[in-house]
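Produce the entire structure from the sequences given, and follow the hints as far as they go.
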Amino acid sequence: MSLIGYAARRLGLAAFVVWAAFTTTFAILYLLPSDPILTMLNRGGEGANVDPAAAAALRAEYGFDKPVIVQYLTRLGAALRGDLGRSMQNGQPVVTTIVDALPQTAVLAATALAIAVVVSSLLASAAVLTGSRGLRHALLSLPPLGAAIPSFWLGLVLLQVFSFRLGWFPATGNTGWQSLVLPAVTLAVPTAAVLTQVLAKSLGSTWEQPFVETARAKGLPRSTVHLRHVVRNGAIPTLTMVAIIIGNTLAGAVVTETVFSRVGVGRLTQSAVMSQDIPLVQGVVVLSAIVFVVVNLAADLVYPVVDPRIARVPATV
Amino acid sequence: MSEPVLLVEGLHVTYRTRRDDVPAVRGVDLRIDAGEVVAVVGESGSGKSTLAHAVIGLLPRGGSITGGRVLLGGQDVAGWSEKQLQRVRGRSVGLVPQDPTVSLNPVKRIGEQIAEVLRQHGLADRRTAAAQAVQILARSGIPDPELRARQYPHELSGGMRQRVLIGIAFACSPRLVIADEPTSALDVTVQRTVLDHLAEVTAEHGTSVLFITHDLGVAAERADRIVVMQHGLVVEEGPTARVLDAPTHAYTRQLLEAAPSLHGARLAPRRPAVAPSGPAGDVLRLEHVTKEFRVGRAPFRALDDVTLALPRGSTLGVVGESGSGKSTLARIALRLVEPTSGTVRIDGEDVTHTRGARLRALRRRVQLVYQNPYASLDPRLSVERIITEPLHAFGIGDRAERTRRALELLDQVALPRTVADRGAAELSGGQRQRVAIARALALRPELLVLDEPVSALDVSVQRQILQLLVDLQAELGLSYLVISHDLAVVRQISDTVAVLHRGLLVEHGPTADLFDHPQAEHTRALLDAIPGARVV
Chain A
160 MSLIGYAARR LGLAAFVVWA AFTTTFAILY LLPSDPILTM LNRGGEGANV
210 DPAAAAALRA EYGFDKPVIV QYLTRLGAAL RGDLGRSMQN GQPVVTTIVD
260 ALPQTAVLAA TALAIAVVVS SLLASAAVLT GSRGLRHALL SLPPLGAAIP
310 SFWLGLVLLQ VFSFRLGWFP ATGNTGWQSL VLPAVTLAVP TAAVLTQVLA
360 KSLGSTWEQP FVETARAKGL PRSTVHLRHV VRNGAIPTLT MVAIIIGNTL
410 AGAVVTETVF SRVGVGRLTQ SAVMSQDIPL VQGVVVLSAI VFVVVNLAAD
460 LVYPVVDPRI ARVPATV
Chain B
347 MSEPVLLVEG LHVTYRTRRD DVPAVRGVDL RIDAGEVVAV VGESGSGKST
397 LAHAVIGLLP RGGSITGGRV LLGGQDVAGW SEKQLQRVRG RSVGLVPQDP
447 TVSLNPVKRI GEQIAEVLRQ HGLADRRTAA AQAVQILARS GIPDPELRAR
497 QYPHELSGGM RQRVLIGIAF ACSPRLVIAD EPTSALDVTV QRTVLDHLAE
547 VTAEHGTSVL FITHDLGVAA ERADRIVVMQ HGLVVEEGPT ARVLDAPTHA
597 YTRQLLEAAP SLHGARLAPR RPAVAPSGPA GDVLRLEHVT KEFRVGRAPF
647 RALDDVTLAL PRGSTLGVVG ESGSGKSTLA RIALRLVEPT SGTVRIDGED
697 VTHTRGARLR ALRRRVQLVY QNPYASLDPR LSVERIITEP LHAFGIGDRA
747 ERTRRALELL DQVALPRTVA DRGAAELSGG QRQRVAIARA LALRPELLVL
797 DEPVSALDVS VQRQILQLLV DLQAELGLSY LVISHDLAVV RQISDTVAVL
847 HRGLLVEHGP TADLFDHPQA EHTRALLDAI PGARVV
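Read top to bottom, the protein sequences are chains A and B.
If you count by the working numbering, then the first sequence holds residues 160 to 476, one letter each, in order.
If you count by the working numbering, then the second sequence holds residues 347 to 882, one letter each, in order.
Mixed in with the good hints there might be a few duds.
Stated by the list, open to error - Output of the computed footprint for chain B on chain A, the stretches with three or more beta carbons under 8 Å from beta carbons of chain B:
1. 368-374
2. 461-467
Stated by the list, open to error - Simulated coverage check for chain B against chain A, where a stretch passes if three residues somewhere in it have a Cβ under 8 Å from a Cβ of chain A:
3. 446-456
4. 460-473
By construction, these hints were calculated from the structure, which means they are not laboratory data.
All C-beta atoms in this analysis are idealised placements derived from N, C-alpha and C, irrespective of residue type, glycine included.
This is how it looks when you write it as structure tokens:
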């Protein structure tokens with residue numbers, strides 16, 4: 160199979176995933192028995208009277224009066240042109256709303272990921288390299304603990320200690336790197352937990368490989384053997400998890416941004432769901448699908464760079 | 347007399363496990379003088395590999411030297427720290443590892459992996475190391491050394507990779523090289539060229555070699571002195587010729603007797619023979635069988651127009667190196683894969699394209715014994731359950747009948763009935779292979795396909811399993827198709843032998859004729875390459 164054929168197949172698959180996400184959310188959100196128009200008009204006033212004329216007008220504006228298949232095709236056509244409709248909360252286009260919030264979340268996620276990678280590499284390496292069985296068990300019991308701590312609780316504890324009591328970092332907001340520290344740490348903990356577990360396991364089994372004995376027989380110190388020979392081989396399995404980890408980070412952003420009152424896609428998601436802002440919810444789902452697809456494509460491209468045994472173009476597919 | 351390169355005195359090595367301490371080496375003395383090649387021979391668990399690793403302080407986790415001295419050039423390194431040992435490893439002691447296919451870092455270029463040892467010991471800087479690495483490759487007899495230096499290990503053959511590893515071991519001109527079963531993972535003809543190369547480099551540098559091997563044939567051919575180890579003790583040592591001609595210890599005699607490469611008539615059955623069951627004629631016939639696999643764009647021909655017959659009640663040995671097509675032939679005979687063209691006949695019936703219920707019925711008549719009894723038995727099942735698995739699969743008998751059959755089968759493969767309730771994990775390699783044979787016999791097949799049936803076992807155990815197969819053949823009137831890379835194994839049980847080379851049948855004939863008067867060039871090359879064949 161040629162390189163172009165391979166790329167075309169991968170891109171086709173990526174487009175399919177995004178389309179499937181769009182269609183599934185359409186089916187679930189628009190066809191559920193709740194009436195989005197009534198929800199929208201009902202905002203603010205519990206049990207307030209709804210003007211039937213206003214409802215009909217809105218219904219026509221959003222196209223809810225047309226048959227389902229027409230609604231679907233209209234929205235799909237619009238989506239292909241980059242138009243996911245307007246938010247029901249503020250009337251802004253969904254795409255603009257998401258794009259405005261995206262950089263804040265991207266910075267938060269990237270920082271959290273960086274912290275997670277550094278912490279997990281250090282923990283896993285220390286656990287593998289230490290001669291003390293007790294220390295190894297202690298280090299390896301940290302990941303399950305990290306995975307078990309609820310993010311909102313951790314966020315609240317960090318706020319209480321470092322913001323309210325010590326006053327080192329601001330409690331809320333989006334200004335300056337100081338405001339990034341606590342949310343990034345909160346978001347990093349579950350990711351680091353998963354990464355450490357996978358990395359420690361794979362580094363440990365790499366140390367058992369015969370080529371490590373060859374390296375040691377050359378007279379290399381253990382630290383050199385670890386950095387030069389073991390880490391790169393041991394990191395390959397974790398690359399596979401990258402998509403899952405990024406997905407976790409997006410989901411984690413919902414909790415983290417809410418706890419720290421940060422502007423971002425996570426908080427947007429939270430408010431969109433709370434107020435049943437259906438076009439915005441759908442926009443967020445489509446965004447996650449795009450992120451998932453892009454991350455997987457990137458991982459596939461990075462694989463042959465890390466592991467020369469994997470040909471860029473598979474011989475038999 | 348000059349100082350020995352290596353002097354081991356009263357060495358004790360113990361493995362600390364969760365439950366207790368297991369002694370692996372129990373008071374071993376060993377002396378290697380300058381330029382001497384000393385082979386330590388023993389079976390798995392003899393402590394030979396532990397001894398080799400203790401010398402350079404590379405014992406696996408849990409292992410430690412608990413007594414004695416290891417003198418390298420007069421200095422006792424037994425109690426040395428990791429840092430002190432690092433100056434010795436690679437510099438004054440080189441290591442040639444066991445399996446070249448997994449002993450190079452898969453994600454680093456060949457050149458870097460050679461250059462690394464030179465730089466570590468300050469014999470080159472970043473720039474000169476790369477050039478020296480290419481020179482080492484050239485001296486190792488590797489064509490296109492510049493290109494190879496830029497390649498990754500998976501782009502080199504097993505034999506070439508072992509040359510690279512030998513190059514690494516000799517890069518700093520050490521006084522001692524430890525070769526730990528350096529060719530047991532290679533094809534026999536490749537094994538020979540690699541051992542020749544090792545001998546050349548050793549002679550050129552005047553290096554002493556501690557040669558670890560399970561193969562007395564290899565030791566006989568390559569060593570000045572032989573040290574025989576059993577259960578962590580040296581039971582015999584002396585000049586090679588003396589140990590081979592006049593062994594003093596019973597265990598050495600046993601090893602010599604079992605060594606398949608050192609002698610070779612077909613084993614005679616020790617049980618009364620019955621007439622083969624079923625009609626006379628060929629139990630298996632392959633007619634013009636060709637099998638192609640698609641690899642990328644070009645089809646790869648694994649088997650090319652092979653015609654073979656296996657007369658009922660006899661044994662056909664199929665010999666070849668890796669890539670010769672012998673495993674494909676076995677899979678076609680078992681009807682696990684269909685040939686691209688040609689005909690497969692069982693008892694004259696064309697079964698080339700048989701499917702469904704008829705194929706399932708065919709499975710009862712043709713059974714398989716796998717190569718590795720450590721991998722082919724489910725460790726969570728009891729031996730009885732493993733043996734009766736085929737009976738369960740075909741719904742034969744009730745519980746009591748199956749148990750009775752399992753015990754009968756255990757008797758046939760000469761295992762005590764008490765193992766029926768035990769797990770396969772508790773058994774030794776030889777016992778496991780007996781269980782695997784019992785399982786293959788459960789359905790009373792006519793034809794057994796034996797895929798490298800003894801290659802995972804120690805030589806003395808190999809001998810016992812081969813004898814068992816010969817006995818069972820006589821007792822039950824079985825026919826065998828034996829697949830092996832090892833001519834010596836095939837010779838002991840086969841009536842006819844077929845030699846495959848790159849998918850082609852290059853020679854086929856009665857065992858004695860083929861061994862005494864080989865016609866094809868490849869057959870002669872295989873026979874010549876048998877270690878020890880030139881010695882005895």
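Structure-based check of all given hints:
1. For the region 368-374 of chain A, the stated coverage by chain B is satisfied: 6 residues place a CB nearer than 8 Å to a CB of that chain, which reaches the threshold of 3.
2. Only residues whose C-beta sits within less than 8 Å of a C-beta in chain B count toward coverage, and the region 461-467 of chain A has 3 of them, enough to reach three; the restraint holds.
3. Restraint check on the region 446-456 of chain B versus chain A: 7 residues with Cβ-Cβ distances below 8 Å, three needed, restraint holds.
4. With a cut-off of 8 Å between beta carbons, the region 460-473 of chain B has 4 residues touching chain A; three or more are needed, and the interface restraint holds.
Figure legend: structure checked against the earlier numbered hints; every hint is met.
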